[in-house]
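There are 10 protein chains.
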Amino acid sequence: MNKLEMTEKIMVAKAEKQLTWEKMGKALGCSHVWLTSVCLGMNSAPKDTAFSLTEYLGLEDDVAHALMVYPTKVWDQAVPTDPLIYRLYEVVGVYGETLKEVIQEKFGDGIMSAIDFSMDVDKIEDPKGDRVLLTLNGKFLPYKSW
Amino acid sequence: MNKLEMTEKIMVAKAEKQLTWEKMGKALGCSHVWLTSVCLGMNSAPKDTAFSLTEYLGLEDDVAHALMVYPTKVWDQAVPTDPLIYRLYEVVGVYGETLKEVIQEKFGDGIMSAIDFSMDVDKIEDPKGDRVLLTLNGKFLPYKSW
Amino acid sequence: MNKLEMTEKIMVAKAEKQLTWEKMGKALGCSHVWLTSVCLGMNSAPKDTAFSLTEYLGLEDDVAHALMVYPTKVWDQAVPTDPLIYRLYEVVGVYGETLKEVIQEKFGDGIMSAIDFSMDVDKIEDPKGDRVLLTLNGKFLPYKSW
Amino acid sequence: MNKLEMTEKIMVAKAEKQLTWEKMGKALGCSHVWLTSVCLGMNSAPKDTAFSLTEYLGLEDDVAHALMVYPTKVWDQAVPTDPLIYRLYEVVGVYGETLKEVIQEKFGDGIMSAIDFSMDVDKIEDPKGDRVLLTLNGKFLPYKSW
Amino acid sequence: MNKLEMTEKIMVAKAEKQLTWEKMGKALGCSHVWLTSVCLGMNSAPKDTAFSLTEYLGLEDDVAHALMVYPTKVWDQAVPTDPLIYRLYEVVGVYGETLKEVIQEKFGDGIMSAIDFSMDVDKIEDPKGDRVLLTLNGKFLPYKSW
Amino acid sequence: MNKLEMTEKIMVAKAEKQLTWEKMGKALGCSHVWLTSVCLGMNSAPKDTAFSLTEYLGLEDDVAHALMVYPTKVWDQAVPTDPLIYRLYEVVGVYGETLKEVIQEKFGDGIMSAIDFSMDVDKIEDPKGDRVLLTLNGKFLPYKSW
Amino acid sequence: MNKLEMTEKIMVAKAEKQLTWEKMGKALGCSHVWLTSVCLGMNSAPKDTAFSLTEYLGLEDDVAHALMVYPTKVWDQAVPTDPLIYRLYEVVGVYGETLKEVIQEKFGDGIMSAIDFSMDVDKIEDPKGDRVLLTLNGKFLPYKSW
Amino acid sequence: MNKLEMTEKIMVAKAEKQLTWEKMGKALGCSHVWLTSVCLGMNSAPKDTAFSLTEYLGLEDDVAHALMVYPTKVWDQAVPTDPLIYRLYEVVGVYGETLKEVIQEKFGDGIMSAIDFSMDVDKIEDPKGDRVLLTLNGKFLPYKSW
Amino acid sequence: MNKLEMTEKIMVAKAEKQLTWEKMGKALGCSHVWLTSVCLGMNSAPKDTAFSLTEYLGLEDDVAHALMVYPTKVWDQAVPTDPLIYRLYEVVGVYGETLKEVIQEKFGDGIMSAIDFSMDVDKIEDPKGDRVLLTLNGKFLPYKSW
Amino acid sequence: MNKLEMTEKIMVAKAEKQLTWEKMGKALGCSHVWLTSVCLGMNSAPKDTAFSLTEYLGLEDDVAHALMVYPTKVWDQAVPTDPLIYRLYEVVGVYGETLKEVIQEKFGDGIMSAIDFSMDVDKIEDPKGDRVLLTLNGKFLPYKSW
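Chains as they are written, first to last, in the numbering used here: chain V, 1 to 146; chain X, 147 to 292; chain G, 293 to 438; chain S, 439 to 584; chain H, 585 to 730; chain D, 731 to 876; chain C, 877 to 1022; chain U, 1023 to 1168; chain Z, 1169 to 1314; chain Y, 1315 to 1460.
These aren't lab readings, by the way, just hints derived from the structure by calculation.
Where hints are given, some of them may not hold.
What the hints assert, rightly or not - Derived lysine-lysine pairs resembling DSBU-like cross-links, with alpha carbons at most 35 angstroms apart:
hint, chain 1, residue 1, chain 2, residue 2
1, D, LYS739, S, LYS511
2, G, LYS315, H, LYS690
3, Y, LYS1458, Y, LYS1340
4, U, LYS1150, D, LYS836
Make the full structure from the sequences, and use the hints.
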């Protein structure tokens, strides 16, 4: 079973059981953002999480095995078109140099890891329009001299 | 005076006075991330902030006028090359579909605004290696049906 | 049922019943432009509209569910080739800087939303050749300083 | 004098006289959107308008001659980056197929001209946030069979 | 029946009846160049021509309906690879600026329409090597000032 | 003197003498379309023509030498943006396959040369709008088998 | 039968009969390089060669008809990736300007035809490592002035 | 002195002395094709050749030093536009797979080197039109298994 | 059997037998890195290795034949997206010019062959985090003058 | 002083003193590969190294300050053209998937860091042709689940 079929199976089971990613994350004791990325095939799950999830959703072992496979991460277009994803791309374009200035001033020459990394999404209710709060948390990696 | 010359002038003054973006932000009562983006020419400053900044740095009025100009936001390459900025681009590629799933589950069909938007950078000290905490805060905009 | 199959079913029913988008919009009490975008899979329909439409066209519930799904908006080519669509792209290329000048002079630094947005198409009869009148109506979003 | 120098001269004169595109358009009896595109070098001006404008702004004849030159219309990037212009590009991407459906249903097989074409921008005041009203008006050109 | 299947059916019938585009154009009283573009799915046929053609070729009504559909004109590559088509692309690259100079000198600021447009291909016999004569005939559209 | 400076000199002389390409072509006994391409630096001139032209325009010998240089033909963008040139590109996209069908039916497997090639532009006056007549004349080159 | 199926059939027959391109070329009295290009679908074969080949390989007439079809020559990537083909592309990049200098010095302004063209491949045995000898032979086509 | 200035100096001296690449190659006892690539900055010259050339052309030592610099080989466009160079690119596109088939049949799995490589250009006089003979000679490099 | 099916068969057998690339390389007496590239279809295997491998894995002869086929090496994207592969691409971008400087200083003008080439991967255990040791070993090929 | 001017100054001093990167690395007690990347502006130097280097080369303090600046790492082309650098890019293309398989089999799901990273170049003398030995050493970073 490949990652595409795995995602399909999970999506159908999630819809039938009327679950949300948030409920699933809580039930399995992990971040619902990370869990979503695993179910969409962009991260691999440790064995425990993989089998807990398939048990929770009533899916066969093949799905668990597919969840454990290390994915090849591919995206289609250098410039994404979907407006929600484009806005994130635009933030990188508009604020990339700014973040470089500010992070390197605080930490020295180096980068924020996208591997030793976690992310969260929260909803802030606001009478003028609810707000999305996105939190990225990555280890700082200093450039090495050798 | 165009934005490039403005940035140059500010950078020199900042270096001579041994300031940091953080100190400058505190002195002017605004976010240092936003202030950096203004000084790099990716946002315009309101009149008050523009003149407070040039006074604080001892720069002439021309710089204040350049700070107030509405910028045309341009970046050079569809795929950024600098490693710090690329990691952010990679996060959009790897987690873009995940964020779409999670945000639209919590808020409905729509996007997180990159205009009615703010951003912050914090340093979390950690004996295993300090961490960068990036916070993005954008208004949710629901798609309209009409 | 995915969006492609949904569009196919609607197109066949529309052709069999010899309907136009305009008649369908009027019957459902909504803009025919918006309705077209929903049926082509570029917008999601609220539950009511989705079921009114499938009832009106005599289609099964699966189509209504597909209409309610939040779409991922994707287009194939950075530069469109079909002449009707290219002319619109050309207008953005030729008049993009002009619109930036004029809108920001009238509203300040910010953008016209493509999300809190509606659009209309009218026919102006003219003996020298009928004219297409396209109306775009989007909320102005000012850039935030923070 | 080339178009770039021409635009520079006009921008300086406009700023010194504290004019707006709207005032300039009214004074010359033409659309301020079209006039902006002429001054940015994306359209040529008829002789009368060119000299009326330089007289009005107190500029030399060279500027008038540059205004009359037929421009080569060039834009830099297949996908624009400035957020205001990108949103227009996004509208073409998201609604291009929709507009093709609706226009060709109303007019037959053909296109909306981007040459025999005019455009307007209006501000609609609204307590929930002002709105931008963009009006595109182009002659319908039917495909010819021969 | 989509345009691809339509083209296939016509090609098979044309081969079986050992017709040429030229004979077919004469039989139907229209340009064989235009007819070819219709049969390749790049133009729509008026109802009369569509049914005359299917009758002439002994094809069912589905083909006629497919011929009447307004096509979405798509080509695959910004730079064509087939040598015959590339040479035409090269002519546009090498002589584009020249044609702009010459056409706008004769007609004023504007373009040659590719919509209100016809085209012909002739063979000029020549002992030193036959020559292809391509004739493009398009309405001049002046830029509008407004 | 490079080709850019050569073009500049010729353009200035042509404007001062209020000449047209057509007049210049007639005076020199050659096609005005070809002459334009030579003056824009996209073709080289034979020695005679080069010196006749500089004499006619009252320009120094350096210009004649620059006219004789074999040019490197470069154009900037895979997809041209200027509307006049884009329409020609569109004709290649829309009708490329059609021309391949028709030419190869008439001539066999091969191409129309863009080197052993000439081109003409005529104005057809028409009360419904003047028309541009473009004539391309290229030697047919059959593919060789060996 | 399309060119892809044709190539497949020929490849299978060639492998079963343990033939080489060289043997096949000799048997048919033509260049084995040209014959390979025909069998890969990049050139068409004259009727005689097409039927000689299918007879020689024991293949049905459909294959001969497919060999006679005038191909549309398409390649996938602007920059080829396979190392053997990339090296040829690199030669064009590194030595393109050099060849232009040398050829135009010897022949005048013009090009080497890729249509009236043949090519050969030889093996030069050498104790320090065998060498590939590639010979390209194309008619010189002078640019025409008109 | 960089490679661009070096090329300029050599071109001027070559023109003044009315030399050809062929004469220069003979005088220096090396291939005129290779010498041209050295003078255009696409190869480095050994010390002897570099100084022989500058002596022969009457140029200063700086030019010799620039000739000896190992160049960074860069070309501008994935798809070349100049017709002479494009035809070579087209040959790679049309015949790349053919050459792979033929070379690997004769030599085994491997490539023709573009580094341990030489090239020649000859003129074959022919009453039906002279022909360009291009000879590429590269060492065969077998893929290694390890 | 094509290379894709071959890879699939090998992957299934490898998983069922719970082998690693390292164990397979040792068993066959060859580098496990090279063996992996062969099994992924990016290199061909000599006859002996091919049959040893299929015997070892209990696979049919078709797989051995597929292993012996000379592959066409293709990769999809100019800029790879998977983070592990992107980091390697980034190393080429960041250190490419550096490696050119250092290698050409040590060896003269030339390149490191990617054909007469081998590669190894080792794990260096380290309490602060294990390290990947990648060793590339390629023959130096000097540019030839001729 | 920007990085370009810094590189220029260092290159001139290095040439005048007839140094090599290797000698410079030894003198300063650091890797000559890393030092080269610092001098080419692709890495920043710690204060000590920066001043040791300028003292060693007899350069002013401005160069030391430029060496300490955190660089923005930019490279021009998605696919490099210089043959030495292209071969490295080709290795990533041909062996990228192989390295992913082998590294992830040995280390688990994760990547080799290009930041906590070092690199070395050695010359292996060999009568059949010297060999380049490239060693890449990067920390393994496991993907985090959270």
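Verification of the supplied hints:
In summary, the hint linking LYS739 of chain D to LYS511 of chain S is supported, as the alpha carbons are separated by about 23 angstroms, within the 35 angstroms threshold. Between LYS315 of chain G and LYS690 of chain H, the direct Cα distance comes to roughly 47 angstroms. Violation of the 35 angstroms bound is thereby established for this hinted pair. Our distance criterion of 35 angstroms between C-alpha atoms is broken by LYS1458 of chain Y and LYS1340 of chain Y, whose separation comes to about 39 angstroms. For a cut-off of 35 angstroms, the pair hint linking LYS1150 of chain U to LYS836 of chain D stands: about 23 angstroms separates their Cα positions.
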